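Please work from the sequences and hints to get the whole structure.
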Amino acid sequence: MDHQEDDATISSVFQPSLRIDNLLPDVILVTSNNVYFYAHRHRIINASLNLFCGLFLFDAASFSHGFLPTLHLTESGDVINVVLHTMYGLSCTHFHPALSTVEAALEAMIKYGVSMEIHAAPRYRPLHQLLLSRAPYHPIETYALAGKYELEELAVTVSGHLLSYDLSRVTDALATKMGPVYLKRLFLLHQTRMLALKQILLSPPVAHPTTPSCSPAERGQLTRAWALASAQIVWDATPSKTTDSPFGVRVSGTERSQLAPLSIAGLSPNSLRAMLEPMRDKLECETCRFVLQQRIQEVVNAWSLVTSITDHSFLPKPTI
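So the sequence shown is residues 1 to 320, counted in my numbering.
I should point out that these hints are in silico values taken from the structure, not numbers from a laboratory.
Hints may contain errors.
Stated by the list, open to error - With a Cα cut of at most 25 Å, we get these calculated DSS-like pairs of lysine-lysine:
no.: 1; residue 1: Lys-177; residue 2: Lys-111
no.: 2; residue 1: Lys-148; residue 2: Lys-184
no.: 3; residue 1: Lys-282; residue 2: Lys-198
no.: 4; residue 1: Lys-148; residue 2: Lys-111
no.: 5; residue 1: Lys-177; residue 2: Lys-148
no.: 6; residue 1: Lys-198; residue 2: Lys-184
The model shown is predicted, which means the values in this text are computed figures rather than measured ones.
Encoded structure:
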């Protein structure tokens, strides 16, 4: 991010020669770890709702000619780098800031009057894309940040990375950070998908007419095999029977069934097919095998339509 010049560490982007709107920098921001950022007052004032936490109330004319106003900040260089890139509408994903740095930058933006509603919206791509770039590596943490700052579009997109996430792993700290609304929506997303899977598996393959080589008893073997395989898939999705919730609150069995860590909600269509196809090996009748294969394809197609909905935007926002 920076390079050394004498005793100062100067930002590699916000340098003395950086021209914005054909203007050179007219203020210097110095971070807690002595990184110098050469910035433009008009850009920062336009992006801040509180004159950068009141730091830009000074009269620039009172400074000696040739000397730029210098403001000392309490944040580190990595954090201010993200803040300034956001205020300038520039991307900083190539710096690969850690999620903890991004989180600290979001807190600093609130302090310095940068609107999350505006600058984290998809139409302001730099910050939105920066947060999205963290989602594949830290999905639940990124979702929690989206919930904390009520970044709806971000939460919707990030939730697609959480379909296979075991919700029992959500800590008290994460639950508190994302807040009750986004926490419940995440549980409802998993629960809704699980109910859809159960409904899809409910109907067994249609039995074919009796043939000399396949009696009703033999056809019943297909129905039993389907019921067993479906029950196994549903059982694998059933949470632990303990009465302790992942948040340290004892709940009833009914409540747990409504808010269950259903990681199978992220089951892929191909994985579902792989779970069902072994039934064919137990069937001797070729017609039964054909009927089974048709039903498996119907199930996979139906589940593909469900899995194409990779967010929770279709769920009503609960009032808690």
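Status of each hint after checking the structure:
1. With a C-alpha separation of about 18 Å, the suggested pair Lys-177 and Lys-111 falls inside the 25 Å cut-off, and the hint holds.
2. A hinted pair counts as satisfied when its Cα atoms are at most 25 Å apart, and Lys-148 with Lys-184 qualifies at roughly 13 Å.
3. Using a Cα cut-off of 25 Å, the hinted pair Lys-282 and Lys-198 holds, with the two alpha carbons roughly 23 Å apart.
4. Among the hinted pairs, Lys-148 with Lys-111 is consistent with the structure: their alpha-carbon atoms are about 15 Å apart, no more than 25 Å.
5. Between Lys-177 and Lys-148 the alpha-carbon distance is near 6 Å, which keeps this suggested pair within the 25 Å criterion.
6. Among the hinted pairs, Lys-198 with Lys-184 is consistent with the structure: their alpha-carbon atoms are about 21 Å apart, no more than 25 Å.
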